[in-house]
Amino acid sequence: MITHALQGRGIQSDIQRQATMKAPALTAGIALHGGNQVRLVMKPAPINTGIVFIRTDITDRDNRIEVRPDTVTKVRQCTTIGNAAGVQVATIEHLMAALSAVGVDNLFIEIDGAELPALDGSSEPFLKLIEQVGILSQASPRRYIKVLKSIEVNLGEAYARIDPAPRLHLDVTIDFAEQVIGRQRIEIEPDVKSFRQRLASARTFARAHEVVALREAGFSKGGSYDNAIVVDGDKVLNPGGLRYSDEFVRHKALDLLGDMYVAGPLLGRVTSVRAGHALNHQLLLALFADKDAWCFVNLSTNRDELPIFEPVSVLEEAV
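Mapping the sequence shown onto my numbering, position 81 (from 1) lands on 493, and the numbers just tick up by one.
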């Protein structure tokens, strides 16, 4: 059996089958952009549910938002999803990255505000919540998106590309004028072990000269040294400094993983150069716009061979 395992924590998800969490898990904190206190509860969900956010503070209209590429409504500074009733949830990418790494397919996420709590600005607090309750393998095959041909999107010098590959592989490059950031690159196949060791604790970051403008535009109202790295010229202003010398590119890879998981589990190589949430989303839209560029598959194994792909047209009914 092929598994994703959190070594030493008793957590694993069979990558051939759908999975949910074993029990509810709660957290609360300040929203990075909104600045308000929010409460979030993750709850187990049946097979074929997908990831569904539920705005518990809204009772006069549809308060459920399914996570899909076509429910993404905004991609400035973060990834925001919404429904036809105008209900939205912002900054989902850090939690989505953690769910991708541990292989959770089905989850209800109740939240009493319009944005997820920032916590420490990384995915690590979400990962620890999942570690505490564990993962439940469900009695239905997991459906993957297999990339069949290369797709690329560009914006000036920035671009994002996805190519066929037998498993998810991320290749991320950033290039900033600030010497403390500079040009950084990371490659990773983000199973749960590598995610936990290399990406989960990498924090979001901002440049000091951008913070005032961001706040005037309605962003970063809850930002602080407790939930973001702040760079001023060639200095990191956070008293504790960096967690890694290349924490910046690690966080960009974390964001990319979360943004890609909006579509579900992918089998492909994603290359990102100077890209952000907008190009990440455009890449997904371009991929799904070309019906010859992808297909759904179930992943299976036998005793003697590497994983093979079995095309499927319809998901099995829930049991």
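Keep in mind that the hints were calculated from the coordinates and are not lab data. Certain hints may be false.
Unchecked claim - Distance condition first, Cα-Cα at most 30 Å in a straight line; then the derived DSSO-like pairs of lysine-lysine:
| # | residue 1 | residue 2 |
| --- | --- | --- |
| 1 | Lys455 | Lys605 |
| 2 | Lys486 | Lys540 |
| 3 | Lys561 | Lys455 |
| 4 | Lys455 | Lys558 |
To be verified - Listed next, with one range per pair, are the computed distances between beta-carbon atoms:
| # | residue 1 | residue 2 | range |
| --- | --- | --- | --- |
| 5 | Pro651 | Arg488 | 46 to 56 Å |
| 6 | Val623 | Val545 | 29 to 39 Å |
| 7 | Asp469 | Gly653 | 33 to 43 Å |
| 8 | Glu569 | Ser606 | 21 to 31 Å |
| 9 | Asn448 | Gln591 | 30 to 40 Å |
| 10 | Ala551 | Asp644 | 49 to 59 Å |
This structure is a prediction, so every number in the text was calculated from the model and none was measured. C-beta: ideal position from N, C-alpha, C; glycine also.
A quick look at each hint next to the structure:
Taken as a hint, the Lys455 and Lys605 pair is honoured in the structure, with Cα atoms around 23 Å apart against an allowance of 30 Å. Between Lys486 and Lys540, the direct Cα distance comes to roughly 28 Å. Compliance with the 30 Å bound is thereby established for this hinted pair. As the CA atoms of Lys561 and Lys455 are separated by approximately 36 Å, the hinted pair breaks the 30 Å bound. Distance hint between Lys455 and Lys558 is fulfilled; the C-alpha atoms sit about 28 Å from each other, no more than 30 Å.
Separated by about 29 Å at the C-beta atoms, Pro651 and Arg488 break the suggested range of 46 to 56 Å. A beta carbon spacing of about 36 Å between Val623 and Val545 agrees with the range 29 to 39 Å that was offered as a hint. Checking the proposed 33 to 43 Å range against Asp469 and Gly653 shows it holds: the Cβ atoms sit about 37 Å from each other. Separated by about 28 Å at the C-beta atoms, Glu569 and Ser606 satisfy the suggested range of 21 to 31 Å.
Between Asn448 and Gln591 the CB atoms are about 35 Å apart, so this pair conforms to the stated range of 30 to 40 Å. Between Ala551 and Asp644 the Cβ separation comes to about 53 Å, which falls inside the hinted range of 49 to 59 Å.
Violated hints for the displayed structure, listed by number in ascending order: 3 and 5.
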